[in-house]
Amino acid sequence: MGLGGCILQAEYEMKMKAMMVFFFSATTPFGIASGIGLSNVYRENSPAALMVVGILDAVSAGLLNYMALVDLLAADFMGKKLQEDMKLQAISFVAVFLGAGGMSVMAIWA
Numbered sequence: 001m002g003l004g005g006c007i008l009q010a011e012y013e014m015k016m017k018a019m020m021v022f023f024f025s026a027t028t029p030f031g032i033a034s035g036i037g038l039s040n041v042y043r044e045n046s047p048a049a050l051m052v053v054g055i056l057d058a059v060s061a062g063l064l065n066y067m068a069l070v071d072l073l074a075a076d077f078m079g080k081k082l083q084e085d086m087k088l089q090a091i092s093f094v095a096v097f098l099g100a101g102g103m104s105v106m107a108i109w110a
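Residue numbers (our numbering): 1 to 110.
Please note that the accuracy of each hint is not assured.
Derived Cβ-Cβ restraints for the label pairs, each shown as a range [unchecked claim]:
#, residue 1, residue 2, range
1, G54, S104, 13 to 21 Å
2, F22, N45, 34 to 42 Å
3, F24, K81, 30 to 38 Å
4, L98, M51, 31 to 39 Å
5, L69, I108, 18 to 26 Å
6, A107, M51, 15 to 23 Å
7, A68, A33, 27 to 35 Å
8, N45, M103, 26 to 34 Å
9, Q9, K81, 37 to 45 Å
10, M86, I32, 44 to 52 Å
It is worth saying that the hints were derived from the structure and are not from the lab.
Predicted model only: the values in this text are computed from it and were never measured.
Think of the CB as a built atom: it goes at the ideal place given N, C-alpha and C, for glycine as much as any other residue.
Given the sequences, and given the hints that come with them, work out the whole structure.
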């Protein structure tokens, strides 16, 4: 949803927007079709499958960390309101660490 919103807000020509929307909407059906096609040859516990899943999980986690820390939190923490109020800044840091700790604890069962 976020990517779709960014595509619509971007200052591109209509042709470029239409092409981006097409590829955005075609990725899920393509992924489902390739998953169905590969399900006959995929062995869940093979060493190659475990390596691929581990690498893809690590890349996904890294991208999510980057987005959270650089794109989202940096904009909030560099704002004028937070920079001028030390108490609000301390509360924000504690909230970030509690949220990250809570997500880490939930990862035990994931």
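Margin query: 13 to 21 Å was suggested as the range; check whether the CB atoms of G54 and S104 agree with it.
Written below: holds (18 Å)
Item checked: L98 paired with M51, Cβ distance criterion 31 to 39 Å -> holds (34 Å)
Check: In this structure, is the beta-carbon distance linking F24 and K81 contained in 30 to 38 Å?
Finding: holds (34 Å)
Item checked: Hint check for M103 and N45 - Cβ pair distance inside 26 to 34 Å -> With a Cβ separation near 28 Å, N45 and M103 satisfy 26 to 34 Å, so the hint holds.
Notebook entry, point to check: Has the hinted range 18 to 26 Å been met by the Cβ atoms of L69 and I108?
Noted result: holds (22 Å)
Margin query: Tell me if the beta carbons of Q9 and K81 are separated by a distance inside 37 to 45 Å.
Written below: violated (24 Å)
Checklist line | Range hint 15 to 23 Å (beta carbons of A107 and M51) holds or violated | finding: holds (20 Å)
Notebook entry, point to check: Cβ-Cβ distance between F22 and N45: within 34 to 42 Å?
Noted result: Taking Cβ atoms as reference, F22 and N45 lie about 37 Å apart, which means the hint holds.
Check: Does the hinted range 44 to 52 Å hold for M86 and I32 at CB?
Finding: At 50 Å between Cβs, range holds.
Item checked: A33 and A68 - C-beta distance against the hinted 27 to 35 Å -> holds (31 Å)
Checked against the numbered hints given earlier, this structure breaks only hint 9.
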